[in-house]
Amino acid sequence: MLRITVLILAALVGPGAAAVQAAELVVYSARNEQLIRPLFEAYERDRGVTIRFVTDKAGPLLARLKAEGASSPADLLITVDAGNLWHAAREGALAPVRSAVLARNIPAHLRDPGGRWYGLSVRARTIVYHRERVKPAELSTYEALAEPRWKGRLCLRTAKKVYNQSLVAALIAHHGEAGAERVVRGWVANLAAPVFSSDTKVLEAIAAGQCDVGIVNTYYYGRLLKKKPDLPLVLFWPNQETTGVHINVSGAGVTAHAPHRAEAVRFLEWLSGEQAQHLFADVNLEYPANPAVQPDPRVAAWGRFKADDLNLAEVGRLQAAAIRLMDRAGYR
Amino acid sequence: MARAAAGAGPPGIGAWLNVNVGGWRAASLLLAAVVAAPLLVLAASSLHPDARVWQHLSATVLPGLLRNTLVLTLGVGSGVLVLGTGLAWLTAMCEFPGRRWFDWALMLPLAVPAYVLAFVAVGLLDYGGPVQTALRRWLGPGQWLPPIRSEGGVIAVMVLAFYPYVYMLARAAFLNQGRRMLETGRVLGLGPVAAFCRATLPVARPALAAGTALALMETLADFGAVSVFNYDTFTTAIYKAWFGFFSLTTAAQLALLLLAFVALALYLERRLRGRARYEVVLRPGQDPRYRLRGGRAWGATLLCLGVLALGFLVPAGQLAAWAWEVWREELDSRYAAFMFNTLTLGAVAAGATTFAALMLSYTYRLRPDPLTRGAVRVATLGYALPGSVLAVGIMLSFVWIDRRLGGWFGHWLDGPLLTGSLLALVLAYVVRFLAVAYGPVDNAFERIKPSILQVARCLGAGNLEILRRLSIPMLRTGLVSALLLVFVEVMKEMPATLLLRPFGWTTLATRIFELTSEGEWERAALPALTLVAVGLIPVALLVRRSAQA
Chain A
1 MLRITVLILA
11 ALVGPGAAAV
21 QAAELVVYSA
31 RNEQLIRPLF
41 EAYERDRGVT
51 IRFVTDKAGP
61 LLARLKAEGA
71 SSPADLLITV
81 DAGNLWHAAR
91 EGALAPVRSA
101 VLARNIPAHL
111 RDPGGRWYGL
121 SVRARTIVYH
131 RERVKPAELS
141 TYEALAEPRW
151 KGRLCLRTAK
161 KVYNQSLVAA
171 LIAHHGEAGA
181 ERVVRGWVAN
191 LAAPVFSSDT
201 KVLEAIAAGQ
211 CDVGIVNTYY
221 YGRLLKKKPD
231 LPLVLFWPNQ
241 ETTGVHINVS
251 GAGVTAHAPH
261 RAEAVRFLEW
271 LSGEQAQHLF
281 ADVNLEYPAN
291 PAVQPDPRVA
301 AWGRFKADDL
311 NLAEVGRLQA
321 AAIRLMDRAG
331 YR
Chain B
333 MARAAAGAGP
343 PGIGAWLNVN
353 VGGWRAASLL
363 LAAVVAAPLL
373 VLAASSLHPD
383 ARVWQHLSAT
393 VLPGLLRNTL
403 VLTLGVGSGV
413 LVLGTGLAWL
423 TAMCEFPGRR
433 WFDWALMLPL
443 AVPAYVLAFV
453 AVGLLDYGGP
463 VQTALRRWLG
473 PGQWLPPIRS
483 EGGVIAVMVL
493 AFYPYVYMLA
503 RAAFLNQGRR
513 MLETGRVLGL
523 GPVAAFCRAT
533 LPVARPALAA
543 GTALALMETL
553 ADFGAVSVFN
563 YDTFTTAIYK
573 AWFGFFSLTT
583 AAQLALLLLA
593 FVALALYLER
603 RLRGRARYEV
613 VLRPGQDPRY
623 RLRGGRAWGA
633 TLLCLGVLAL
643 GFLVPAGQLA
653 AWAWEVWREE
663 LDSRYAAFMF
673 NTLTLGAVAA
683 GATTFAALML
693 SYTYRLRPDP
703 LTRGAVRVAT
713 LGYALPGSVL
723 AVGIMLSFVW
733 IDRRLGGWFG
743 HWLDGPLLTG
753 SLLALVLAYV
763 VRFLAVAYGP
773 VDNAFERIKP
783 SILQVARCLG
793 AGNLEILRRL
803 SIPMLRTGLV
813 SALLLVFVEV
823 MKEMPATLLL
833 RPFGWTTLAT
843 RIFELTSEGE
853 WERAALPALT
863 LVAVGLIPVA
873 LLVRRSAQA
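Respectively, the protein sequence lines represent chains A and B.
Per the numbering used here, residue 1 is the first one in the first sequence, and the count goes up by one each step.
Per the numbering used here, residue 333 is the first one in the second sequence, and the count goes up by one each step.
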């Protein structure tokens, strides 16, 4: 009995005790497996480096990094949204990286001024409208969706989603808290239905006629369009005369206690290059962060736009204020 | 023979038997410590309150959340109690068309995770969904159904997802007590309803309470289903504090507050139950069932069929339809590994958890002193914690242990022993699901007359022998129920699996996470359907067991 117990224990402990070998990288990723695995496989083929990874939400991964501290096996943290990256940096989980390659490939507003994280793909959060019930001339800015003429015509996703928190953080950066709060209160007053749990649901609600206009990330639109080619929805690029379309990134940073730091930096540089940028962005219909790399033809077909060049670290910094603001304004 | 004895319970079998319970007690206390460690870690992290986050939450969202949580708890609690007890009574005591089939089929919703049920319900019934779209096409524009994304909707979905806990335990209790309690009541001049309420229900009360407690703890811990409805509960505040304000400390404090709430509720239930004890001696054979006729019989069939359709057939059908669209791109050889991983984890964790519950419950019977009682209470609270919060607590305590071990045995150890190992994951499951296993095991213990054990002791049987030759055979139904329940729960579990699994270790539940985290629900239908299908095996076994009781 005892022997069996010991054997079982040994079998259970085995994988954890196995040492992390030399030509290897360990990645903690909040970007999900099917979006990130093709990149790992390509890099493994190209460079002969074995990549091991776990995926989870950003919060638990960051908690794990912090708890493991100096003994963490992780070399790289990949996560979505500038707020998560900014926070990981502030918690000291990420180490600064100085690299000429990264500085050349990734525009300044898409990376941490301290070099602790780099945006690798860009997602645009823009306005979408119903082809028959809205004329494009009615639309202008995110802020204008707060005007009374949109009463009962607006659909939004929940304020719990980090994408909306970043959007409101950008509004705070441009208009101050009071100005942003007026806009958010206007949105809430214009809602046609309780806020939705996902961007896809917002798109479906507009298509079904529950409302006329909404704010979504473009790749959700692309994904739904692939499934339903006759979708009566059109994207609109707002704020072209003013601040530009709100964008966010998914990105990565080398961890503070990376056991394979040099290898991790090389991987990060490779991720910013042309081949990886295509893989990174196209698989999810996002925009490459490297401006020299063209987006997927399906994405390019939605047209070019002026993007907000506010530094995303600022968006991250203001995110907590944005959440408080949305709580006050009753945006759930 | 069934016997209901009200009055003072025995001070503990251990005292009667005069056996040495030291070893058992020490083992149980150690177990409770392992379970309590994550909670203590969370509590310790709460010594530095983040005043700003607290102030903001209590000034803006907390009052509404408390109200919502209360409404949800009351709604789901009374819903599962009525539905679970009613269905259990029908299938345990009555005969109607399809009864044999419903016996086990009514357990099937247990195999469907609540967040899957929620997603399917909203997907089908919301304004943009197929049902309302079809209604608008026939009847003209407008809203033709009450909105599904509402308080009533979220309560209905959770009742459908969680009633099987009550159903299963109540059914076993009804089968055990047979018709005699009710008929005794009738003989004493009570009407059928009064006899049911005053004789049958009180004897089944521990089972009903245990089932409802499980359902409510699951409700309080739920985040997936409520976020599909965007219905804000206390759990929402916990996640807002953590993921929004990045204050794990505040999240932990809120979680502990939630636990206090749960502990108080459980305590009140026990107090209200008082010192009454109900012991039922297992009898061979079964009483004949009440044969329902005509309208009543078909009414019963229709009710069962309706619940089954809403709780299982429709969601499983929707999953199957989605899975059919995507299986070519999604299904590959990895699914064999996913299933193997899922089943292995489920089996190992179920065995470990049930053993832990047995040990705890037995020690408690041997000597219910305040320390042991406290250990039991603490050990069975983990189920009410939101999964991610508990997962982080477990991880923090494992990291701490690893540090200590590294300090002592650093020379021999090649990296962390616990974090990222399967052992850690299994321990996490034990912590999380001990309450699930403890309910059925303790319930079975509750129904064993102490005198039987005393007789065994008089005949010279030792502790282990009593456990092996008497308790375990008599507890078999409870033990098997516990094993299978934990098995199903572990397969569905997501947050702890995600955070603590070894590299490359994917289960069906983590696969669902990968796909749903970017909103690809249709592709997630394949792993979800596989999970439901694999979950059917233990559920079917569970029902066969309780049918034989």
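Where hints are given, some of them may not hold.
When the alpha-carbon atoms are kept at most 20 Å apart in a straight line, the in silico EDC-like pairs for lysine to aspartate or glutamate are as follows [to be verified]: (1) K66/A x E850/B; (2) K226/A x E797/B; (3) K161/A x D296/A; (4) K227/A x D382/B; (5) K781/B x E797/B; (6) K226/A x D296/A; (7) K227/A x E850/B.
Only part of the chain B face toward chain A is listed, based on derived beta-carbon distances under 7 Å [claimed, not checked]: (8) W386; (9) H388; (10) G460; (11) W470; (12) L522; (13) F577.
Derived by calculation from the structure, the hints in this document are not laboratory data.
Cβ coordinates follow ideal geometry from the N, Cα and C atoms, glycine included.
To see whether the hints hold, each was checked on the structure:
no.: 1; hint: K66/A x E850/B; result: violated (25 Å)
no.: 2; hint: K226/A x E797/B; result: violated (66 Å)
no.: 3; hint: K161/A x D296/A; result: violated (26 Å)
no.: 4; hint: K227/A x D382/B; result: violated (46 Å)
no.: 5; hint: K781/B x E797/B; result: holds (17 Å)
no.: 6; hint: K226/A x D296/A; result: holds (14 Å)
no.: 7; hint: K227/A x E850/B; result: holds (16 Å)
no.: 8; hint: W386; result: violated (12 Å)
no.: 9; hint: H388; result: holds (5 Å)
no.: 10; hint: G460; result: holds (4 Å)
no.: 11; hint: W470; result: violated (15 Å)
no.: 12; hint: L522; result: violated (48 Å)
no.: 13; hint: F577; result: holds (5 Å)
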